[in-house]
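Peer 1: Spelled out, the chains give:
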Amino acid sequence: MSKVLHKFTRKVPKWRPRVEPVKLDDATPAQLDALKVTPSNTKVSEYVLTLAHDVESLKVRSPLFNAIMYDKGGMSRTERELGALAASMVNRCVYCAAVHADRHAKLSKSTEVTDKLLARGFHAELSPRDAAIFEFARKLSESPPQANADDVAALQKVGLRDDEILDLILSSSLFGWANRLMHVLGDPIQPDEDV
Amino acid sequence: MSIFETSTLGVSGVSAESSLGEAVSTRSNVFEMTQLAESAVLRPLEYGMFPHEVRAALAYRIAISAGETRLAEYYAASVGNEFNLSDSIMIEGEPESTLIPFIDKAANDTKNIVAEDISKLQAVGVSDADIVRLCELIAFVAYQVRVAAGLRLMNGAI
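Going line by line, the protein sequences match chains S and U.
Under the numbering used here, the first sequence has 180 at position 180, and the numbering climbs by one with no breaks.
Position in the second sequence (from 1) plus 1000 gives the number in the numbering used here.
Calculated directly from the structure, the hints in this document are not laboratory data.
Here the structure is a predicted model, which means the values were calculated and not measured.
Using N, Cα and C, we set each Cβ at its ideal position, and we do this for glycine too.
A portion of the hints provided could be inaccurate.
[What the hints assert, rightly or not] Sample of chain U residues facing chain S (criterion: CB under 10 Å; computed from the structure): (1) PRO1051; (2) ASP1087; (3) VAL1145.
[Said to hold, decoys possible] One-sided and incomplete, this derived list gives chain S residues near chain U with beta-carbon spacing under 7 Å: (4) VAL12; (5) SER57; (6) ARG92; (7) SER143; (8) PRO144; (9) VAL152; (10) TRP177.
[Stated by the list, open to error] According to the in silico footprint, chain U covers these stretches of chain S (three or more CB under 8 Å from chain U): (11) 15-25; (12) 46-55; (13) 99-112; (14) 123-135.
Can you build the whole structure from these sequences, using the hints too?
Peer 2: Below, the structure is given as structure tokens:
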């Protein structure tokens, strides 16, 4: 059996489901529609095939995910990734943390911030702006949420506008959702081994 | 429905007239889709082993454990007075000893979930489809709790 990864990394692992994913050959028309499977597009990840067990949720979650992470305006995509990463570290979703640390590094064209977070975790010393963003997202992601008025004031003090704070709330909360699927329903394993 | 009538914005107390209302309006699509997601997760056509009332009761349990009283009250309104959660999702021969602890752990102690938590559900006969449905419910409410809590904080700060 392939080794399950427990340490945070920026190298995106493979994901091995703990339940049996829907088999494409057995998928219902509704599942195929939600999976956006067409004759020219038959590549669907194990993760999405797993979520296809609940096709009604899958169908609404994907566009919501894309809107929160990628829509124009508001907080930069790089900083939204920082919110996603903070949530994924709180929930110890090694797979999600890797994907979003990697995206942060690519979008910012620097590994500096994620190097620090991977090395020192919640004790990483970040710039005042990144530190305020990460801290707010970390505390909002705790169970129960720990963010308070001082954390919002800290975001305002480093210059975040209302629309940016809103996007931070949305992106970190969204990963409260994604982590509870990815981390609960499967294991991150070495990327160079077969799933 | 105006986005300010969606349950997430309703329980967070954000009004259209507030300055936060302006920022929220720029993301109206997100709040519309959040409401659609709530319908899909709480009131799906294919509900498997978790009927709508059970789902509302579970959402109540998750919201209250996260300190989200107003969201919990919203879900409680969909649950009858006579309803008993433990009885309703009891599996024959396997009372709440498997499902409720799983739900609480996935919702509130996510980082410590391990493969055995899933295999225990499978061992008592919960289908893989129902495990995915249950995780979607837990995960959506965890999201909604945090959006509402974050917006309420912001609303108090501006």
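Peer 1: State for each hint whether it applies.
Peer 2: Now the hints, each set against the structure:
no., hint, in the structure
1, PRO1051, "violated (14 Å)"
2, ASP1087, "violated (24 Å)"
3, VAL1145, "holds (7 Å)"
4, VAL12, "violated (20 Å)"
5, SER57, "holds (4 Å)"
6, ARG92, "holds (4 Å)"
7, SER143, "holds (4 Å)"
8, PRO144, "holds (4 Å)"
9, VAL152, "holds (4 Å)"
10, TRP177, "holds (4 Å)"
11, 15-25, "holds (count 3)"
12, 46-55, "holds (count 5)"
13, 99-112, "violated (count 0)"
14, 123-135, "violated (count 0)"
The structure shown violates the earlier hints numbered 1, 2, 4, 13, 14.
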